[in-house]
Structures are given as structure tokens and as C-alpha cells.
Amino acid sequence: MLNEKVTKLLNNQVNKEFYSAYLYLYFSNYYVEQGLNGFANWYQIQAQEERDHAMLMMQYLQNNDETVTFEAIDKPSVELTGNLSPLKEGLKHEQYVTSLIHTIYAQAYEVKDFRTMQFLDWFVKEQGEEETNASDLVKKMELFGSDPKSLYMLDQEMGARVYSAPSLTL
Numbered sequence: 037m038l039n040e041k042v043t044k045l046l047n048n049q050v051n052k053e054f055y056s057a058y059l060y061l062y063f064s065n066y067y068v069e070q071g072l073n074g075f076a077n078w079y080q081i082q083a084q085e086e087r088d089h090a091m092l093m094m095q096y097l098q099n100n101d102e103t104v105t106f107e108a109i110d111k112p113s114v115e116l117t118g119n120l121s122p123l124k125e126g127l128k129h130e131q132y133v134t135s136l137i138h139t140i141y142a143q144a145y146e147v148k149d150f151r152t153m154q155f156l157d158w159f160v161k162e163q164g165e166e167e168t169n170a171s172d173l174v175k176k177m178e179l180f181g182s183d184p185k186s187l188y189m190l191d192q193e194m195g196a197r198v199y200s201a202p203s204l205t206l
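Heads up: the sequence shown is residues 37 to 206, going by our numbering.
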């Protein structure tokens, strides 16, 4: 059995990961409305990844005979005001998710739950990649987004992204 606090934090994270997927679908829809289908694709895939993260955490809880609890998923409250807006909000959100993962890790460390720490190692690495990708997108949009030809090329680049399921095994 897992520590009660660790279990509660993991359950909270399941719901936060589903919220992340929902938020990224919101961003994807925004880009569809702007005619930037490549950026929409990028966030559609991002949403799939977040859903997978939630499923991995659910499976970890289930594998440890813990009950998974589901909460309501909040409607995204961010107002999107331009092509850069979802990217900046995405970076902010990834930084927030990183802080949540670190909180779970710290609690697992405190109670010497080495198995959960090992499980979370992949998420710690993943969040580093997520923040780098989000930051890179912001920089690219800031550099090239005001030029229509460059924006077109960026959109094509984002459209080339394909989904790849996580390689974490439990």
C-alpha cells in the first residue's frame, strides 16, 4: 500500500493530467479557428500525451491496490488573444505541472517511498522535455510569427508532428 498523502497527490495528478488534455484540446480548437491546422495538430497530439500520462498514473495506483478517484474537470479559463497566447499559456501550464510532479516526488521521498520515486523519475524527465518544447514554440512564434510566410512554415512544421505513445512500463 502507498502512503495516504502520496496516494492523494497521485489521484490529484490523474485529474490534473486529464485537465491538461482538455486544455490542449481547447488550444487545438483555437488554432483550427485561426486556420493554423499544424499548430492544432501539435496540441491535439499534446492532448493525447497528457491523457496517456493520466492513464499511466491510474494504472500505477491500481497496480498498488489504491482506489482511483475522479473529480470534475474544470473548463479552461484562459482567454486566448492571439497566436502567441496559447503557446505562452502552454508553457505556464507545463511549469505548473512540473511543480505538481515535484510535490509528489518530495512527498514520496519524505516517506521513503522509493517505488513511487522510481515511477515518477520518468515524469520528471518528461516534464523537462515538455517545458523545453513549450519554450521553443514561444521563441519560434516570437521570432517568426508576425511574418506570414514564416508562420506558414512554422505551421507546416507543427503539422508534421506525429503521436508517439510513452515508453514507460509499469
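If you're looking for bench data, these hints aren't it; they were derived computationally from the structure. Mixed in with the good hints there might be a few duds.
What the hints assert, rightly or not - Derived DSSO-like pairs (lysine-lysine); straight-line CA-CA distance at most 27 Å:
id, residue 1, residue 2
1, K185, K161
2, K161, K124
3, K148, K128
4, K148, K111
5, K124, K185
6, K161, K44
7, K161, K175
8, K148, K161
9, K128, K111
10, K128, K176
11, K44, K148
12, K175, K185
13, K128, K41
14, K175, K124
15, K128, K161
16, K148, K41
17, K41, K161
18, K44, K128
19, K175, K128
20, K124, K41
Hint check:
Distance hint between K185 and K161 is unfulfilled; the C-alpha atoms sit about 34 Å from each other, more than 27 Å. The hinted pair formed by K161 and K124 meets the criterion: a straight-line CA distance of about 21 Å does not exceed 27 Å. For the hint pairing K148 with K128, the CA-to-CA distance comes to about 30 Å; that exceeds 27 Å, so the pair is violated. Distance hint between K148 and K111 is unfulfilled; the C-alpha atoms sit about 36 Å from each other, more than 27 Å.
Between K124 and K185, the direct Cα distance comes to roughly 22 Å. Compliance with the 27 Å bound is thereby established for this hinted pair. Proposed proximity of K161 and K44 is supported: the alpha carbons are some 22 Å apart, at most 27 Å. The hinted pair formed by K161 and K175 meets the criterion: a straight-line CA distance of about 21 Å does not exceed 27 Å. Using a Cα cut-off of 27 Å, the hinted pair K148 and K161 holds, with the two alpha carbons roughly 20 Å apart.
Annotation: proposed proximity of K128 to K111 holds, straight-line Cα distance about 17 Å (limit 27 Å). For the hint pairing K128 with K176, the CA-to-CA distance comes to about 16 Å; that is within 27 Å, so the pair holds. With a CA separation close to 16 Å, the supplied pair K44 and K148 stays within the 27 Å bound. Proximity of K175 to K185 is assessed by CA-CA distance (about 17 Å); at most 27 Å being required, the pair is judged to hold.
At roughly 26 Å between alpha-carbon atoms, K128 and K41 fall within 27 Å of each other, so this suggested pair holds. For the suggested pair K175 and K124, the alpha carbons sit about 10 Å apart, so the restraint of at most 27 Å is met. Using a Cα cut-off of 27 Å, the hinted pair K128 and K161 holds, with the two alpha carbons roughly 17 Å apart. For the hint pairing K148 with K41, the CA-to-CA distance comes to about 12 Å; that is within 27 Å, so the pair holds.
Using a Cα cut-off of 27 Å, the hinted pair K41 and K161 holds, with the two alpha carbons roughly 23 Å apart. Proposed proximity of K44 and K128 is supported: the alpha carbons are some 24 Å apart, at most 27 Å. Taking the CA atoms of K175 and K128, the gap is about 14 Å. The hint holds against a cut of 27 Å. A C-alpha spacing of about 32 Å is found between K124 and K41, which places the hinted pair above 27 Å, so the restraint is violated.
Consistency note: the structure conflicts with the earlier hints numbered 1, 3, 4 and 20.
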